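K.L.:
Spelled out from the first residue to the last, the chains are:
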Amino acid sequence: MPIPDRGGPLSGVRVLELTKVWAGPYAGKMLAHLGAEVIKLESATNLDEMRAYGGVDINSAPYFLSINQEILSVQVNMKTDEGLDLVRSMVAESDIVIDNIRPGAMERSQLDYENLRKVKPDIIHVSIKMWGTDGPLGYQTGYAPCFASLSGLTALVGHEGETPKGMNIRYGDSTAGACAALAAIAALHHRERTGEGQFIDLSAVETMTSLVGDSLFAYSVTGEIPRPDGNFHPEMCPHGAYPCADGEWVSIAVADDAEWQALCRVLNASALANDPRFATLKRRLANRHALDRAIGDRTFGETAADLADRLRQAGVPAFRSQSSIDLCSDDHLWTRESFRMVTDHRNGSRPIIGPSWRMKPDQAMIERGAPLLGEHNDYVYKEILGLPQERLDDLIARKIVD
Amino acid sequence: MSALKGLLIIETAERVAGEYAAKLLADFGAEVIKVERPGGAPTRRMGPFKNGESAVFAYLNTNKKSVVLDLDQPEDRARLDQLLARANALIDDHDETWGEAHALSYPAVSTSHPQLVHCIITAFGQGAPQAWQRARPINVINAGGWAYHSPSETTADKPPLKGAGRFLPDYESGIDAALCVLASLHRQRQTGQGQFIDISEVEVQVNRIDCVLDRMLAGDVEPSAERTAYDMGGPGTSFACRDGHIYIFMTTKAHWQGLCGLMGDPDWTKTFREDWLEFDCTRENVTRFRQHFSDWIVGQEKIPITEAAQKVGVAMVPVNTAADLPLNEQFIHRGFFQQVEHPAFGAVTYPTVSYRMSATPVRIETTAPALGADNEVLGGVNAHS
Numbered sequence: 001m002p003i004p005d006r007g008g009p010l011s012g013v014r015v016l017e018l019t020k021v022w023a024g025p026y027a028g029k030m031l032a033h034l035g036a037e038v039i040k041l042e043s044a045t046n047l048d049e050m051r052a053y054g055g056v057d058i059n060s061a062p063y064f065l066s067i068n069q070e071i072l073s074v075q076v077n078m079k080t081d082e083g084l085d086l087v088r089s090m091v092a093e094s095d096i097v098i099d100n101i102r103p104g105a106m107e108r109s110q111l112d113y114e115n116l117r118k119v120k121p122d123i124i125h126v127s128i129k130m131w132g133t134d135g136p137l138g139y140q141t142g143y144a145p146c147f148a149s150l151s152g153l154t155a156l157v158g159h160e161g162e163t164p165k166g167m168n169i170r171y172g173d174s175t176a177g178a179c180a181a182l183a184a185i186a187a188l189h190h191r192e193r194t195g196e197g198q199f200i201d202l203s204a205v206e207t208m209t210s211l212v213g214d215s216l217f218a219y220s221v222t223g224e225i226p227r228p229d230g231n232f233h234p235e236m237c238p239h240g241a242y243p244c245a246d247g248e249w250v251s252i253a254v255a256d257d258a259e260w261q262a263l264c265r266v267l268n269a270s271a272l273a274n275d276p277r278f279a280t281l282k283r284r285l286a287n288r289h290a291l292d293r294a295i296g297d298r299t300f301g302e303t304a305a306d307l308a309d310r311l312r313q314a315g316v317p318a319f320r321s322q323s324s325i326d327l328c329s330d331d332h333l334w335t336r337e338s339f340r341m342v343t344d345h346r347n348g349s350r351p352i353i354g355p356s357w358r359m360k361p362d363q364a365m366i367e368r369g370a371p372l373l374g375e376h377n378d379y380v381y382k383e384i385l386g387l388p389q390e391r392l393d394d395l396i397a398r399k400i401v402d
Numbered sequence: 403m404s405a406l407k408g409l410l411i412i413e414t415a416e417r418v419a420g421e422y423a424a425k426l427l428a429d430f431g432a433e434v435i436k437v438e439r440p441g442g443a444p445t446r447r448m449g450p451f452k453n454g455e456s457a458v459f460a461y462l463n464t465n466k467k468s469v470v471l472d473l474d475q476p477e478d479r480a481r482l483d484q485l486l487a488r489a490n491a492l493i494d495d496h497d498e499t500w501g502e503a504h505a506l507s508y509p510a511v512s513t514s515h516p517q518l519v520h521c522i523i524t525a526f527g528q529g530a531p532q533a534w535q536r537a538r539p540i541n542v543i544n545a546g547g548w549a550y551h552s553p554s555e556t557t558a559d560k561p562p563l564k565g566a567g568r569f570l571p572d573y574e575s576g577i578d579a580a581l582c583v584l585a586s587l588h589r590q591r592q593t594g595q596g597q598f599i600d601i602s603e604v605e606v607q608v609n610r611i612d613c614v615l616d617r618m619l620a621g622d623v624e625p626s627a628e629r630t631a632y633d634m635g636g637p638g639t640s641f642a643c644r645d646g647h648i649y650i651f652m653t654t655k656a657h658w659q660g661l662c663g664l665m666g667d668p669d670w671t672k673t674f675r676e677d678w679l680e681f682d683c684t685r686e687n688v689t690r691f692r693q694h695f696s697d698w699i700v701g702q703e704k705i706p707i708t709e710a711a712q713k714v715g716v717a718m719v720p721v722n723t724a725a726d727l728p729l730n731e732q733f734i735h736r737g738f739f740q741q742v743e744h745p746a747f748g749a750v751t752y753p754t755v756s757y758r759m760s761a762t763p764v765r766i767e768t769t770a771p772a773l774g775a776d777n778e779v780l781g782g783v784n785a786h787s
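In order, the protein sequences belong to chains A and B.
Once you know that position 341 of the first sequence is 341 in this note's numbering, the rest is easy, because the numbers rise by one and skip nothing.
Once you know that position 344 of the second sequence is 746 in this note's numbering, the rest is easy, because the numbers rise by one and skip nothing.
Treat the hints loosely; a few may be bogus.
In silico DSSO-like links for lysine-lysine, alpha-carbon gap of 30 Å or less [stated by the list, open to error]: (1) B/713 - A/79; (2) A/20 - B/713; (3) A/399 - A/120; (4) B/407 - A/360.
If you're looking for bench data, these hints aren't it; they were derived computationally from the structure.
On a predicted model such as this, the values are computed, not experimentally measured, just so you know.
Whole structure, please, built from the sequences with the hints as guidance.
P.N.:
Dropping the structure here:
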């Protein structure tokens with residue numbers, strides 16, 4: 001069965017992924033959402049853990065369904081030589097290979113870049129590891145909060161004066177995947193111009209480090225070590241999240257005196273507007289803890305969304321701090337199709353989180369949810385590799401395709 | 403050799419999101435011409451400063467060129483059109499009203515330059531209400547949910563946090579914008595045609611939590627107003643040690659046994675089941691563990707104890723600071739930090755990129771440009787030269 005052309009800017013680009021959990025699959029998802037044909041190599045005896053979490057049915061595991069839309073699934077047992085030969089045949093028909101499996105595992109299977117380029121001289125191979133593929137700490141593995149801690153990012157995030165707790169424990173994997181996708185497409189441009197492929201060695205720790213790049217660079221320039229600083233901003237005040245009714249919060253960022261006066265008007269706080277402690281940015285910064293308390297006292301009875309709306313109308317940048325239930329019921333996100341429906345084998349359809357971009361013209365179609373295990377065996381083995389049905393049946397019978 | 407050699411990108415962006423997207427492409431080797439207003443880009447006025455120069459500007463504009471154009475003036479706007487006529491892509495991050503006023507909206511650019519890849523980054527995407535357009539990074543990260551849920555385990559009385567530094571959501575948006583521009587330039591190579599790319603910063607935030615938030619959207623898990631709705635449970639968190647902080651993450655019996663051995667098997671560990679992390683990980687046990695562990699780890703030094711932990715399979719790591727990173731042997735091995743001589747700062751250390759590319763390594767070839775340093779690329783007489 002041929003795969004329908006979904007259009008999009010990466011239409012015609014084929015990606016193989018040997019990925020698990022989140023960072024690697026997220027890279028594959030981004031490329032698929034841009035129109036690439038992304039084929040995930042899977043095996044019943046070596047499953048992506050995301051097919052197991054939170055459910056008994058590997059074909060309807062919520063974690064897996066939440067990431068792998070428009071991905072194709074092919075089964076192959078990479079613990080067999082014959083299976084590895086099939087993988088090499090697929091590499092020969094691909095543009096990009098993405099992996100995020102354990103350090104050393106690609107080498108042990110002779111699927112490292114040097115071996116891949118023997119099969120496909122201009123292949124682009126992106127490898128995502130916590131610390132990259134080699135080096136003194138390259139053997140270490142870890143979880144997202146570990147690489148955020150190692151990266152320098154966690155050290156900057158915390159309430160003032162407290163132990164830096166970092167971003168939410170989930171932060172890190174997806175951004176590493178996004179950077180892997182970015183570097184892969186940069187390499188595709190080089191290949192198109194010169195015919196040369198390459199190996200891209202991505203460190204998830206360094207991805208997090210690059211997200212605090214200006215802070216680290218400022219340290220190099222000034223010698224001042226940046227600290228966890230709550231919501232402090234050296235050039236805006238007030239700048240923070242302020243308590244509202246029902247446990248809600250509103251974010252407010254005031255850059256100049258006009259915005260400050262507008263904030264005071266909306267809060268009916270002429271006493272603050274006229275308070276010499278808060279008259280200029282410099283004074284507001286010097287007295288910011290008192291200022292934050294004074295503002296919090298006045299936002300406390302307000303409904304966050306209403307207050308934010310009035311502040312924006314008055315020219316003060318403000319927005320409600322959104323919880324998971326706020327996001328799930330956000331009209332703007334649904335209307336803009338940030339949340340959209342795809343097909344789903346179990347229920348017919350499932351909402352997903354669509355890409356952060358819209359394109360005109362020729363946006364890639366995103367219509368199919370995550371694949372069943374091996375859903376695209378026929379397509380990969382018969383149409384791409386040209387194997388006859390009897391050969392595929394034999395591979396299945398001998399569990400080379402499992 | 404650089405990956406994007408031969409591509410010409412014009413940057414009219416004036417916020418960190420767009421400047422970072424263009425920096426990513428410039429660092430890959432594209433020719434990026436930054437269009438600055440008379441007096442210079444707003445980021446030139448962001449601190450910290452040394453010898454009169456902004457460190458933020460210096461960081462965001464490596465490998466770029468600078469020209470000065472007053473886009474309110476018809477002659478300069480026409481000069482921009484001349485640049486766009488020979489460019490591959492345009493990166494902008496102004497709101498729709500500004501775009502309409504300067505003939506740089508999607509309809510205007512797609513008509514005048516149909517071959518161009520045109521990317522606009524805005525807080526909520528094209529078509530959002532006008533009053534929403536002026537949103538700052540703290541508003542974006544709050545609108546997108548990460549602030550409400552950070553740090554993990556934050557109690558209801560503490561404010562949501564803006565994230566690391568001032569610009570975290572801008573960097574995330576810059577990555578998606580750069581990826582889309584490169585994908586679209588791939589299409590341009592095949593077809594000769596341009597494309598319009600509309601990036602929503604809030605949607606970048608939402609997309610980064612897909613495997614947690616989508617399960618709520620689909621009804622697999624209940625969404626809620628809980629500050630802990632994205633959390634995983636378990637004892638993982640940061641702890642103070644003698645010379646800073648460490649982070650520990652544990653989920654298995656092997657992790658626990660490794661840690662007990664590392665601590666010298668103190669008596670209190672025997673009050674926990676050896677498989678407590680998997681089968682008895684109650685809030686009470688987590689609290690009890692943290693009390694005992696805090697008392698022990700506070701006497702340890704972060705580097706020796708985390709190295710010892712790694713050797714016994716315990717995922718305990720130092721919470722590295724800005725001062726630690728340039729000394730870290732793995733960062734040194736990978737060459738992540740690059741020493742560069744900056745005209746105002748002297749020898750300084752630039753963080754580079756997380757991807758080491760075998761054929762086209764990313765390098766900082768030139769420091770951020772002086773204002774209008776490349777006005778000659780405009781050709782002819784420039785009013786501001």
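K.L.:
Does each hint hold? Answer for all of them.
P.N.:
For each hint, the structure was consulted:
A hinted pair counts as satisfied when its Cα atoms are at most 30 Å apart, and residue 713 of chain B with residue 79 of chain A qualifies at roughly 28 Å. Restraint check: the Cα-Cα separation between residue 20 of chain A and residue 713 of chain B comes to about 24 Å, which is no more than 30 Å; the hinted pair holds. Restraint check: the Cα-Cα separation between residue 399 of chain A and residue 120 of chain A comes to about 26 Å, which is no more than 30 Å; the hinted pair holds. Taking the CA atoms of residue 407 of chain B and residue 360 of chain A, the gap is about 26 Å. The hint holds against a cut of 30 Å.
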